[in-house]
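Undergrad: If you want the building blocks of each chain, they are given just below.
Protein chains: 2
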Amino acid sequence: MQQRSEETRARILDAAVKRFAIAGYNAACVDEICAEAGVSKGAFYHHFPSKQAVFLALLQGWLSTIDAGLEMARQDTVPQTLIHMTNTLPAIFAAADERLPMFLEFWLQASRDEAIWNNTIAPYRHYRDYFASLVTQGIVEGSFKPVDAHAAAQVILSLAVGLVLQGVLDPQGADWQKVAEESMKILMNGLAA
Amino acid sequence: MQQRSEETRARILDAAVKRFAIAGYNAACVDEICAEAGVSKGAFYHHFPSKQAVFLALLQGWLSTIDAGLEMARQDTVPQTLIHMTNTLPAIFAAADERLPMFLEFWLQASRDEAIWNNTIAPYRHYRDYFASLVTQGIVEGSFKPVDAHAAAQVILSLAVGLVLQGVLDPQGADWQKVAEESMKILMNGLAA
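Residue numbers (our numbering), protein chains in the order written: chain A, 599 to 791; chain B, 599 to 791.
Errors might be hidden in some of the hints.
Unchecked claim - Subject to a maximum C-alpha distance of 30 Å in a straight line, what follows is the list of computed BS3-like cross-link-like pairs (lysine-lysine):
1. 776(B) with 743(B)
2. 743(A) with 639(B)
3. 776(A) with 743(A)
4. 616(A) with 639(A)
5. 649(B) with 616(A)
6. 776(A) with 649(B)
7. 783(B) with 743(B)
8. 616(B) with 639(B)
9. 639(B) with 649(A)
10. 783(A) with 639(B)
11. 639(B) with 776(A)
12. 743(A) with 616(B)
13. 783(A) with 783(B)
14. 783(A) with 743(A)
15. 639(B) with 649(B)
16. 616(B) with 649(B)
17. 783(A) with 649(B)
18. 639(A) with 649(A)
19. 783(B) with 743(A)
20. 616(A) with 649(A)
21. 776(A) with 783(B)
I should point out that these hints are in silico values taken from the structure, not numbers from a laboratory.
Isolated chain A, as found in the complex (with noise of 0.2 Å):
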């Protein structure tokens, strides 16, 4: 019964996915996610209050694929797990799929009401939390000169979500991760102790 439920709810996700890819996140609807997924509405608010509550569980998806790959990346010193941090881009185009459209689309949206954008708000500090805690260390390891981690640590977040849009709004434009990685060695070189 458990595992069924569970099918129910990953069926559901994918409907979802392929919804909002072709109608967009306002356009769609849960009665066509319904008919996609072969479900009832029943079912589908047994396990989703709203379709924002499904939206945020794709995107909370595509964040631990990205947490996942950042983890992975640490190496020795700080340098070098930003550098090969920046091997983990395809990773994170590839689950982001036909999703990343529909994210920024919800955060175009989010950012005129002030509830959503309090709850969606929350991963992105989290990044900045992140990097920051990895700049300082970069400076007690002497890896970096004393900069502001915090600011150093925008840079960083900056970069990394101007790749991601480019990498989405025009895949083919150039070889991203090349560009990601080239990126990071002239920050990395403006930190350097």
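Following the hints, complete the assembly by docking chain B onto the known chain A.
TA: Same frame as chain A, now just chain B:
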């Protein structure tokens, strides 16, 4: 007569900004834009062949503001120019106003449509070339190491894209001009001869 025609064109553009901001680019239709502007459909199609043409005119207006800002940022050396450029960020945000979510929505859609994409990718490639020539000039004047100018230009552009996206999605999240300035200083440090 000429003056009245230009006024009509301006009214259509203003109305389109409002409708696109409220309903989104996809959902807004020519009828609504005409109603908002108080013009007939005949007058609309006299000025613009399609909704897409209105969008491209709005995009072009914004890009002209950016170009003017970049031109005004010129200083004696390239590093000074690049750091000075970050001062133009508030003007870019102000000119984007409520339009940027619409631009992003359009780009997301355009990235799925080859013909539209080829039209809208041109300005982006133009900035890439602009920054590459600036970096080359920086190498020639002795400010920068002999780096790959194209790669360095991509770093600057990625950073700019990331900053603009964050500034639009999360205007209160940071002092974005300060972040841009700090970022550019770290980059300049990484590129310095």
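Undergrad: All hints are to be evaluated individually against the structure, with a verdict given for each.
TA: Against the structure, the hints:
1. 776(B) with 743(B): holds (26 Å)
2. 743(A) with 639(B): Violated - the C-alpha atoms of residue 639(B) and residue 743(A) are around 62 Å apart, more than 30 Å.
3. 776(A) with 743(A): Distance ~26 Å between residue 776(A) and residue 743(A) Cα, so the pair holds.
4. 616(A) with 639(A): Holds, because 17 Å separates the two Cα atoms, which is no more than 30 Å.
5. 649(B) with 616(A): At roughly 27 Å apart (the allowed maximum being 30 Å), residue 616(A) and residue 649(B) satisfy the hint.
6. 776(A) with 649(B): violated (38 Å)
7. 783(B) with 743(B): Distance of about 15 Å is within 30 Å: holds.
8. 616(B) with 639(B): It holds: about 17 Å lies between the C-alpha atoms, which stays within 30 Å.
9. 639(B) with 649(A): violated (37 Å)
10. 783(A) with 639(B): violated (54 Å)
11. 639(B) with 776(A): violated (49 Å)
12. 743(A) with 616(B): Violated, at roughly 48 Å.
13. 783(A) with 783(B): Since the Cα atoms of residue 783(A) and residue 783(B) sit roughly 15 Å apart, the hinted pair holds (cutoff 30 Å).
14. 783(A) with 743(A): Since the Cα atoms of residue 783(A) and residue 743(A) sit roughly 15 Å apart, the hinted pair holds (cutoff 30 Å).
15. 639(B) with 649(B): The hint holds at about 12 Å.
16. 616(B) with 649(B): holds (13 Å)
17. 783(A) with 649(B): violated (43 Å)
18. 639(A) with 649(A): holds (12 Å)
19. 783(B) with 743(A): holds (13 Å)
20. 616(A) with 649(A): holds (13 Å)
21. 776(A) with 783(B): holds (23 Å)
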